[in-house]
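Here is what each chain is made of, one letter per residue.
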Amino acid sequence: MQNFENSLYLTAINKNFYEWGSKMSKKQKVTSTGQTINKKPLGMRIWNHRGFYLMFLPVLIYVLIIYYWPMLGVRYAFYDYTLKKLEPVGFKHFQKMFSDADFWKAFFNTLQLSIIKLLITTGTAVIVSVFINEMANLFAKKVLQTVIYLPHFMSWTVTAAIFTLFLSTSSTGFVNETLKSWGLIKESIDFMHELTLWRPVYYLVNIWKETGWGTVIFLATLAGINPELYEAADIDGATRLQKIWYVTVPELLNTIIIVLILNLAKVLNLFESVFVMYNNRVFAVSDVISTYIYRKTFMTAIPNYGYTTAVGLFKSLVGCALVLICNWASKKVRGRGII
Amino acid sequence: MKRKVLSLILSTAMVASLAACGSSAPAATDSQSADTTASETAADATAATETAEAGSYELTDLYITVDGTLTANVDNGQDAFIEQWEAAVSEKIGHDIKLHINQPEHSGYKDNVAQLLTTGQPGDGQYPDALIMSATMFKQYQNTGILWNMADAYANAEFQSRITLPSINENMKTANGELYAFAPTYGNGCVTYIKQSWLDAAGLKVDDIKTFDDYYNMLKAFTKDGQTGVIAAGFGKLDEAPYINYMPEFWQGAYPAIYQKDGQWVDGFQEQATIDALTRLAQGYADGVIDKDTEEASTKTAREKWFSNDQTTSEGVFTYWAGTWLRTLTDNLDKNDVDTDLGDDRLVQLPPIKEIKDTWGGYINREAPVWVITDDGDGDNSREQAIFDALLETMLDGDKVQTLWTYGAEDVHWSTHAESFTTNPDDPDKKKDYEYAEGEFHLKQSPNDPNSVWKKNHLDPVLVIAPLTNGFIDNDELVTAGNKFFTENCVDAPQSPSSEILTEVEADLATDKTTLMNEVVAGKKSAEEAIAEYQTKWGDTINEILEELNAQ
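Protein chains in written order, with this note's numbering: chain F, 1 to 339; chain W, 1001 to 1552.
Note that these hints are calculated values from the structure, not bench results. Any given hint could be a false lead.
[As the list claims (entries may be wrong)] Taking CB as the label site, the calculated pair distances span: (1) Lys1098(W) - Val216(F): 16 to 22 Å; (2) Gly1471(W) - Val158(F): 31 to 37 Å; (3) Ser170(F) - Asp1427(W): 26 to 32 Å; (4) Glu1529(W) - Ile61(F): 57 to 63 Å.
[As the list claims (entries may be wrong)] Within a straight-line C-alpha distance of at most 20 Å, the following computed SDA-like cross-link-like pairs (lysine to any residue) qualify: (5) Lys1224(W) - Leu197(F); (6) Lys96(F) - Thr1541(W); (7) Lys180(F) - Glu1500(W); (8) Lys85(F) - Thr1313(W); (9) Lys84(F) - Lys1525(W); (10) Lys84(F) - Gly1120(W); (11) Lys92(F) - Glu1504(W); (12) Lys1224(W) - Lys96(F); (13) Lys84(F) - Gln1126(W); (14) Lys1300(W) - Val276(F); (15) Lys1525(W) - Lys180(F); (16) Lys1292(W) - Thr169(F); (17) Lys1237(W) - Ser1107(W); (18) Lys186(F) - Thr1541(W).
C-beta: ideal position from N, C-alpha, C; glycine also.
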């Protein structure tokens, strides 16, 4: 009887153990050596690492307050939020936004300006990096690097003021006056107000301002290229240009792609550089989502914050999608994501 | 990737749940209850100092928002102004009161006010109890329910017996007799100033400039070797009434906005007069008689270039505000050593040319800027009446407080004590001595510029609707002559419309009209093409607005 009871008892234990085992199977982890490790419950793990969690707590609170608390405002995208009025309107603002030609113009301008700017500034940075890398005179190299870095530290407001003066049609405009004195033009060219010229000027200003800074990452990559590759190329009789083309450029390619991918996620964040350079006459080619939001919010007699929040929310969602796409692309290219 | 998508969904859910938590306040209610809640909150915020049963309200803190027209700003003795205002008004109303002045950047004033009024509420320390608005702004806010109807307070005000220009405020009343704003002065306007030295150099006399052709030929004569005929802050200021006052000779009879014509509201931007005006501007731009900087110049940029030290790239003509500004412009030319030998005769005022006289009748006298009081929406007028009594009633008391608003703080901006001072003591050419006897009213040196004499504070003594009774008058002959010239040559501007649809689209409308105007002037399209484009985009909306206005 005792044996029977014992056997029932053991059966029950085995059964319970089996059930527990099957329940816990998802919490088991197999190591690279084939060992199975049972994961501890979350509460116990937190308690065991309470020191780390305590250290993380301020960061968590900071993130919640600074990044998540303001997100409460996204609900206004579904409200009419204006003077003495706060009423839910569903998707009205989104309907209005999608039917507004000015919004779509701003949206496509954002994509075009950002992407072309990204390609041009990255391309220029690569070319300049290669040239700097090829320079033998260390002093000249350092001076050049410093000179081309400097514009990056200028604010966009100052940059725009400089170029506006530089390209002005008045007698103080250096470019127009020079072209006139050389007899190349008779009438001043209104670089900042011509629909066909504004974008090229915008790209040029971006190249001037950001190329130097953009070379930092490429120069770091160039410094890490194995010298044996160049020695091997020398033995094979490669010219300087051939070494650039067959050694330097392939070595840089991975970095170029990574830089492009990482920046692609930020293409919708275009405001300051456009805001300080655009004007009424070139809205058709220069108005971007952020300037559109700014005007609708801060330059309207009685703004409807609901509408501008809706536009902002749409921009954020597209930005999120771009980040995911870039993450996927990054995984494909370098084997790991960016988030 | 799945995990990333999952984490994104979870984040979104978290935000949504947070948003849901946050929406337990007025947001989740229907419009009516939201309005009620907002009102209740507003009322709660101010209830602390209100004595409901007595229907009285002890206003201990007054928050006002003002633009740059309060010249006693923080760099120019505002502390003294506040201190003396608090002392004088506390004595008048029988209890202590503190004045809090919020003075945003003048050029961004409209946007700043929009934010304050939309996101704030009475009693939060930022929300204005009273504020200044341009006529255009006022019309946009008039029907929003945010402004207090001060008709009764205005009718019962002590200053009524001293008002010399009652029509200014009477004309602002609605058809129902409601009055949502108070104008302590009339509007003033712009006149065309010409540099005498430029006229002399071109062998011209101002009396010979009678028609647009004369005016245009004068501009042409001025335009040479880097110098230009005329500059302004934009070819037209299409976002602020009266829109055409900075280049009246080119605009002539056009009015590029919605206005009343023969009792009906019409859109002046679509009229032939506007097409003609744009064509004239384009011609002027092409001929180089209009300075290229005009398109983007702010008023500050335009006037600084005009009176700058470097006259080789300056302009001969500038249309700007009348009266006190004649003195300011002259002083600035003096400061920059321009035409020093001409003294106060540096500038001549051009009488309206024939085309302006034949259409408008003279220079445009804009609708007056106004003071408004915000309504907290609690249905009780005691707070608003207390604001009126402390601020607007005392503003025109004819004595102490009105002097503060007119000239600034005693012994800081003006004085009656015997004193002597010298401006520009180190420059023999500009040095000027001033000496005043005890009891003689006079303006002192500007607090932030001892080389210039203070001019006025917020109220222009010449434009005010109820003059000072204490005899404090600044006898500047140039200012007096400027005001006389304007009043003899001005007509009232058309009344601004007040329409809900217009308020909603006005900024976009002004942006598009400005873009089209600039494109026409730059020769990118003809005036007819621009108006056709405008009609295509805005035709239906404008018709709706006109329908709404004409049904009122």
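Each hint, compared with the structure:
1. Lys1098(W) - Val216(F): 16 to 22 Å: With Cβ atoms ~54 Å apart, the hint is violated.
2. Gly1471(W) - Val158(F): 31 to 37 Å: Violated, at about 52 Å.
3. Ser170(F) - Asp1427(W): 26 to 32 Å: 30 Å, holds
4. Glu1529(W) - Ile61(F): 57 to 63 Å: 59 Å, holds
5. Lys1224(W) - Leu197(F): 28 Å, violated
6. Lys96(F) - Thr1541(W): With a Cα-Cα distance of about 15 Å, the restraint between Lys96(F) and Thr1541(W) holds, given a limit of 20 Å.
7. Lys180(F) - Glu1500(W): 51 Å, violated
8. Lys85(F) - Thr1313(W): The given pair, whose Cα atoms are some 51 Å apart, is violated under the 20 Å limit.
9. Lys84(F) - Lys1525(W): 42 Å, violated
10. Lys84(F) - Gly1120(W): 10 Å, holds
11. Lys92(F) - Glu1504(W): Within the cut-off at roughly 15 Å; holds.
12. Lys1224(W) - Lys96(F): 51 Å, violated
13. Lys84(F) - Gln1126(W): 16 Å, holds
14. Lys1300(W) - Val276(F): Holds, at roughly 18 Å.
15. Lys1525(W) - Lys180(F): Between Lys1525(W) and Lys180(F) the Cα gap is close to 26 Å, so the pair fails against 20 Å, i.e. violated.
16. Lys1292(W) - Thr169(F): 7 Å, holds
17. Lys1237(W) - Ser1107(W): 13 Å, holds
18. Lys186(F) - Thr1541(W): Violated, at about 43 Å.
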